[in-house]
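S.K.: Using the sequences and the hints given, assemble the complete structure.
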Amino acid sequence: MQPDEQQRSDAELLALTDVDPEAFGVFYARYERPILGYLFGRVRDPEVASDLAAEVFAAALEAAASFDPAVGGSVSASGWLFTIAHNTLVSSLRRGRVAEAARRRLGMREPLALDDLDIERVQALGSASESWRDLLEELPSAEREAIVARVVQERDYADIARELGCSTLVARKRVSRGLARLRNVLGATAQEP
Amino acid sequence: MSTSTNGKDMTVLPQLQRLLVATARERTRAHLTPAAGGAADPSARATAGAPANGALPARPRPLALVALLIVLALLLAAAGAAGVLLISEGSPLPAPHAADLSPWEHPVPGSVRLAGLDAPDPEGGPAWDIRLFRSSTGETCTAVGQIFNGRFGIVGLDHVFRALPLDGVDACGVPGIAGPVLAGARVFAGRTPAEARTVVNGVAGAGARSVTAYGPEGARRLALGPQGSFITVYRGLLEEVRPRIVVVDRAGRSQTIAFASSYAFETSDPDGGPPWKLSGGAAIGMPGATGDENCAQASQETGPGSTPTIDTAGTPEVCGELGTQPLFVLFRRFDPGDGEGSGSPWGNHPSRTLVYGGASLRVRSLVLLGAGPPRRVAIDPRGGAFLAVLDGHVNPRALTLIATLRDRRTVRYARSTVLYEEATGRRIREPPVEPYRAVTHPGAVFAPLEDPIARTVTETQRAADPAGGPPWALRSWQGHADPRARFGAREHPTLFYCWQAGVIEGAALVEPYPGGAPLPLAVSKDAPGERGTSCRGAEAPTPESLVPEVQTYAEDASAYAPIPARTVVTGVIVPPASAAVLLGAGSPRPIATDANHAFLIVLPGSYWTAPLRVSARLPGGRTVTSPVLSNQPVLRPQVRAPDPDGSAPWGYTQTALCPRAWSISQIGRVVGDRIARIDPSTGQMAAGPQQSSTGSPCGSQNARAQQRVEPYGGSGVGPLAGPLGITVLQSAPEEARPPTQAEIERRTVPGVTVIAGRAAADVTSITLSTPADVRTVQPVGPSHVFLVVYDGVFYRGTSTATARLSDGKTITEPIRGASYNPGDEPELRPRSLAALLRSDRGTLDRMRALLAAVEHAGPRERAKLLDGEPFSQLLKGLSSIRSIVAAEEARIAYLHTHPGILPPE
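These protein sequence lines map, in sequence, to chains R and C. The number in our numbering is simply the position in the first sequence, starting from 1, with 2 added. The number in our numbering is simply the position in the second sequence, starting from 1, with 3 added.
Just so you know, these hints were derived from the structure itself, not from any lab. Here a beta-carbon is modelled for each residue, glycine too, at the ideal position from N, C-alpha and C. Watch out, some of these pointers could steer you wrong.
Across the chosen pairs, the derived CB separations fall in these ranges [unchecked claim]: (1) L522/C x L166/R: 49 to 57 Å; (2) C168/R x L522/C: 55 to 63 Å; (3) S143/R x A261/C: 55 to 63 Å.
Looking from chain C toward chain R, a few residues come up when the C-beta cut is under 8 Å (computed) [as the list claims (entries may be wrong)]: (4) T14; (5) V15; (6) L16; (7) L19; (8) T26; (9) A27; (10) R30; (11) L89; (12) N152; (13) T270; (14) P273.
Stretch by stretch, here's where chain C covers chain R in the computed footprint (C-beta under 8 Å, at least three residues) [what the hints assert, rightly or not]: (15) 34-41; (16) 162-176.
M.R.: Rendered as structure tokens:
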């Protein structure tokens, strides 16, 4: 992959997918671990999680061209992808089997064959998720609530402030402080959205 | 662009990445194929995806933040979906043993196929389908299951999917006797009533044009699969869904099959218990009944929610003359303990205020006031009976029943009116209303047998368990007869020796109970005796008083082949008997007794069929020996069938006690090669049948059906002389308990219903129509017997058996005893009053002829004619049938002279 390709935004990668299939490969690489970790954390079975991930990315591939960050007020590709993951998971839980509609529509008939190493890697992601969960739970509740509202629910600060009973400024500060705390622990570069 | 594969950027599942990229490439090719004029412009696509305002693309979201998203989403999702579990896959359910299957239950190789109907589950679970196969003898056989990952099986209560074995079959059938080849309403248990499923399914045959199912949500037109197969799934138990199907063939003919339907006129229970039903109609059997009398009686049905009790709440059958009044009605509160000694005791059931009676045709409608908002009371259009069931706190004196007549007049009733008691014909005077009474402890209703003498309670005997389990212990005591005990008049013993045998768990004595938690054994005044307690009167020893209690416990009573692990022998050597020995278990074993003369011996389970007995010496040197009660003959099954839960199979045999008696039908589990009793709840097993009943009359076993059949009563011989000699075993409702492992895996319903019989020689097949399904079986073996085992108990609906004879004729007979509600006993067709009169006049003529023959016969001939019955009995019977005929004639005459008054028959 060229360095400049690595720097493309999610939206660009999705938009390019229809003409440059490798773009979706980059998008996949970018979100594979988060999605696998999310799914494994829910189902606790590496093979089922992998199967679910295949369906999630197939659905994303199918809908890549229609992804529009402007729709719904600045939708992030990660939020969009996690919505697909959540829906796929819920649908599979309800039906009692992993959904495969998207893969069927795309003609992806090749089954995903996992070896022991694959399974170990997926399980390792699960451990990482657990540590994130522990970490988040160690945050003060005010900060945790603010982060959930802003980062996951993608609500605006005014709305969050109303719910938390504080000013917009305080809401921003709580998010900022929570992220900074996480950054320090992880040594990562989490940025305020 | 290429995807990096260096160590840092390597993906977890590179094969998935390759697969996705390859798929994207395939799509790209498809998009770039000129279809609408020229190749697509890649840059245009990329531009289209970029922000429309020309601003720089948004920065990629840092991975750390994405990971944070995951965690947060996890946190949020965990609360909402914590109860939802993904279905996992377990080992396939074991196949039934070939020896337990009938010949027609083996599939022709290559004939097994799924119908592909994929009926949706009401709550989004895996879809349901039917698996079909053709049997080696030409039947179509079906099994119901769910499709999971392309496989056919059942998702258990533990959310584990288990494939069903290929030769697992629910039912087989052939076309022609009862419309569809097969039709069923199979129930799959749930942990809650809503989680249960009633799966209506069947094979309507290739000639079917449509199948419509009717349930609580209305009509469903069902898709038809191969051979007209169909399936639809309802939430809830069969008794709640009460589905029916209408099958229409290509010629436009339709047939309706109703499952769990009841002829009973029902009304709901105020506490949500099983419904109440009312039987009503002409008082034909009542001596001296007038032509315009009707009767009514209320009772509560049993159902899946019933508490198992030894009796049901009884109410009096009341009658009234409808010619003089528009209706008769009883207002009464029934409290626990009411009606003792009346023939219709209420028992220890919750208090209810009942309003019931019968209405003539002149009554258009009924409204009840005084119990909340006015409520309309339905009238049974067939017999005019009506019933309202209210909570027992409602004072019957506060109620008013308003009858609106067809001439628009209204009549108000605030008291019981125009009532006779059916049994005696006496007018009923309504007793004063007693205060409301709550359900009492059973001990307060049933007097205890004995009052333990505390100082005599002892636990001195122990015995090792031969199978390595916890040690066994004996507790014994003496007790005075309770002064309230109602048995043996004044002749009962004044002192009892009582004992309990159990195992020591912790510091407590408990009775093993594999079906649940071990039952603590206690000494108290509760009656009719604490569970696990045996008592024997302190009277002069007799052979009977020495009979030991023998219980054999299986290592695993739920196993296909349970192994007897230990045989526990207990009893009392009542003084002055002494020097007792146990016989039948090898060399005589001396019996050591404790201070209360009780004993405990634990033998290896191999003695489970041994003829155990006790011998003891009396003063003066005489020896007394108990009879052998457990010495069951070895009954070999003539036909076998698998148990729905995979436990020991069921067997049926008919033992002829001819020429002096009837042949005996015997049903039980097959252990080894003999019929036995097994109780998976208690873990106990014993030799001998689970149920015995009289089968065919001697001499008729091999008769042709035409010689045996007496389809509609006639002389009253009834179904025992029918072509099928049917016997039914039905387990009683069970106490609420956690599901067994088999019930978890198979979603079978607690309890079992077994229908078996020995068919006449010319019966070629038998179509059994039950609340569960319609299926066809064939008599097998030289004994020409058949056996069908259903899981669950039929609480509602009637059952019939249709025999197809070798000459092509069919004979249908009711299956009595298949319904747990006696009121649901099948009536093949309502018999008109005229038909009843014809039949009863015929009986009267035969009895008169018999009387005449007896009067003119010599002593020997007379004895033969009376067949052991006293002459007075014949006269009594004659008098009774004469009065019934008179009542029927009076009723018919009244109907002629007063048209439009009495309800229709």
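S.K.: Are the hints correct? Go through all of them and say.
M.R.: Each hint tested on the structure:
{"no.": "1", "hint": "L522/C x L166/R: 49 to 57 Å", "verdict": "holds, 56 Å"}
{"no.": "2", "hint": "C168/R x L522/C: 55 to 63 Å", "verdict": "holds, 60 Å"}
{"no.": "3", "hint": "S143/R x A261/C: 55 to 63 Å", "verdict": "holds, 59 Å"}
{"no.": "4", "hint": "T14", "verdict": "holds, 5 Å"}
{"no.": "5", "hint": "V15", "verdict": "holds, 5 Å"}
{"no.": "6", "hint": "L16", "verdict": "holds, 6 Å"}
{"no.": "7", "hint": "L19", "verdict": "holds, 5 Å"}
{"no.": "8", "hint": "T26", "verdict": "holds, 5 Å"}
{"no.": "9", "hint": "A27", "verdict": "holds, 4 Å"}
{"no.": "10", "hint": "R30", "verdict": "holds, 7 Å"}
{"no.": "11", "hint": "L89", "verdict": "holds, 5 Å"}
{"no.": "12", "hint": "N152", "verdict": "holds, 6 Å"}
{"no.": "13", "hint": "T270", "verdict": "violated, 38 Å"}
{"no.": "14", "hint": "P273", "verdict": "violated, 36 Å"}
{"no.": "15", "hint": "34-41", "verdict": "holds (count 7)"}
{"no.": "16", "hint": "162-176", "verdict": "violated (count 0)"}
Violated hints, in rising order: 13, 14 and 16; the structure is consistent with all others.
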